[in-house]
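S.K.: Take a look at the letters that make up each chain.
Protein chains: 2
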Amino acid sequence: MTSHSVETGGPTRQRLIDVAIELFQQHSVAGTSLQMISDELGLTKSAIYHHFRTRDELLSAVMEPVIAEVTALVEAAETHRTPHARADHMLVGYAGLAARNRALIPLLTGDPGVVELLRTRQEWRALVERQMRLFADVEPGLSGQVKAALVMSGIASAAGVDYGDVDDETLRDQLVAAGRRTLGLRGSRAGR
Amino acid sequence: MTSHSVETGGPTRQRLIDVAIELFQQHSVAGTSLQMISDELGLTKSAIYHHFRTRDELLSAVMEPVIAEVTALVEAAETHRTPHARADHMLVGYAGLAARNRALIPLLTGDPGVVELLRTRQEWRALVERQMRLFADVEPGLSGQVKAALVMSGIASAAGVDYGDVDDETLRDQLVAAGRRTLGLRGSRAGR
Numbered sequence: 001m002t003s004h005s006v007e008t009g010g011p012t013r014q015r016l017i018d019v020a021i022e023l024f025q026q027h028s029v030a031g032t033s034l035q036m037i038s039d040e041l042g043l044t045k046s047a048i049y050h051h052f053r054t055r056d057e058l059l060s061a062v063m064e065p066v067i068a069e070v071t072a073l074v075e076a077a078e079t080h081r082t083p084h085a086r087a088d089h090m091l092v093g094y095a096g097l098a099a100r101n102r103a104l105i106p107l108l109t110g111d112p113g114v115v116e117l118l119r120t121r122q123e124w125r126a127l128v129e130r131q132m133r134l135f136a137d138v139e140p141g142l143s144g145q146v147k148a149a150l151v152m153s154g155i156a157s158a159a160g161v162d163y164g165d166v167d168d169e170t171l172r173d174q175l176v177a178a179g180r181r182t183l184g185l186r187g188s189r190a191g192r
Numbered sequence: 001m002t003s004h005s006v007e008t009g010g011p012t013r014q015r016l017i018d019v020a021i022e023l024f025q026q027h028s029v030a031g032t033s034l035q036m037i038s039d040e041l042g043l044t045k046s047a048i049y050h051h052f053r054t055r056d057e058l059l060s061a062v063m064e065p066v067i068a069e070v071t072a073l074v075e076a077a078e079t080h081r082t083p084h085a086r087a088d089h090m091l092v093g094y095a096g097l098a099a100r101n102r103a104l105i106p107l108l109t110g111d112p113g114v115v116e117l118l119r120t121r122q123e124w125r126a127l128v129e130r131q132m133r134l135f136a137d138v139e140p141g142l143s144g145q146v147k148a149a150l151v152m153s154g155i156a157s158a159a160g161v162d163y164g165d166v167d168d169e170t171l172r173d174q175l176v177a178a179g180r181r182t183l184g185l186r187g188s189r190a191g192r
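As you go down the protein sequences, you meet chains Y and D in turn. Heads up: the first sequence begins at 1 in UniProt numbering, then just goes up one per residue. Heads up: the second sequence begins at 1 in UniProt numbering, then just goes up one per residue.
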């Protein structure tokens, strides 16, 4: 926990991100200062500035790998022919992402600071809307929109619950089963 | 926006609570200080202290009416004979509560500060667990637990989404329909 490793770049950057995620979860994004993160790591504030100028820059770095994965999922899902197949592709991918990132995903969907950042970054907001549309298009009107919203945030939150010792694949399959029931999907079959 | 009304008690207390909810939504609980709340209302900090000594005391005052309603719902739901009837009673009541409090309920279920307070207050944590059990008992094992978690937080978040001009009853009915599908309930009938 010294500041010697700052010059090496990579490892400190990743440790900053890891500690930021922990503190964001405990105190929310707005309740976490760069000072708290540097204190936790025993770094000076200037050592943090070497990597991130603001908390939002750090938050962006936390979110980018997830955004990249959701982007790839949305693009792949949109290639299917039918609304059911598109929704099912998105659901299976999103449930897997949530099961593999049980601490991070609830933070990214529930924290007011993240929600605000998602709104202000045009391309991220557009991505969330595309994902929502993939779920909502299964059923027309308000009914489809409400079910889509329930699945989007329900999967994120349900992944963060402590069920005891449950591996990622088992949790993913349960989330997929629940999401299919909510959306009225009968499961994926090729070409549907 | 003066501090004259402080001596009268009631109205200022309610205005403090209303402004707190707004700021909690924008900045999260941890990102909102009593100072920010007093600035917003043009009150001195000592005027706030007249009503609430700490932010957690204010947060408790925000939560108490909702806690009281959930308590009444859980108790009424638990009187039914079958797991299906118990879950359906809880679902209809909870969806109605969420539809009538679209701004507050997402805050109470998503904000890390609230989640922390719910954990530390023994009687509130017990209440959340009783509500969760009412949903989870429809289906045994992990499968029922995951669906219960998805419905609990999914309904709260889905109520906060902007669907345009949708009245509370319509939204409640849509949330109930989605929740019933997720949990595998066929709708309420007397004596089930």
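Simulated from the structure, these hints should not be mistaken for laboratory data. One or more of the hints may lead you astray.
As the list claims (entries may be wrong) - Computed footprint of chain Y on chain D; a stretch qualifies when at least three of its residues, placed anywhere within it, have a C-beta under 8 Å from a C-beta of chain Y:
hint : region
1    : 110 to 121
2    : 141 to 147
Said to hold, decoys possible - Cβ-Cβ distance ranges computed for the label pairs, FRET-style:
hint : chain 1 : residue 1 : chain 2 : residue 2 : range
3    : Y       : 162       : D       : 137       : 15 to 25 Å
4    : D       : 186       : Y       : 60        : 20 to 30 Å
5    : Y       : 167       : D       : 54        : 56 to 66 Å
6    : Y       : 40        : D       : 72        : 39 to 49 Å
7    : Y       : 35        : D       : 137       : 30 to 40 Å
8    : Y       : 65        : D       : 50        : 44 to 54 Å
9    : D       : 18        : Y       : 122       : 27 to 37 Å
10   : Y       : 165       : D       : 125       : 19 to 29 Å
Ideal placement from N, C-alpha and C gives every residue a C-beta, glycine not left out.
S.K.: State the violated hints by number, sorted upward, taking the hints as numbered earlier in the document.
M.R.: The structure breaks hints 4, 5 and 7; every other hint is satisfied.
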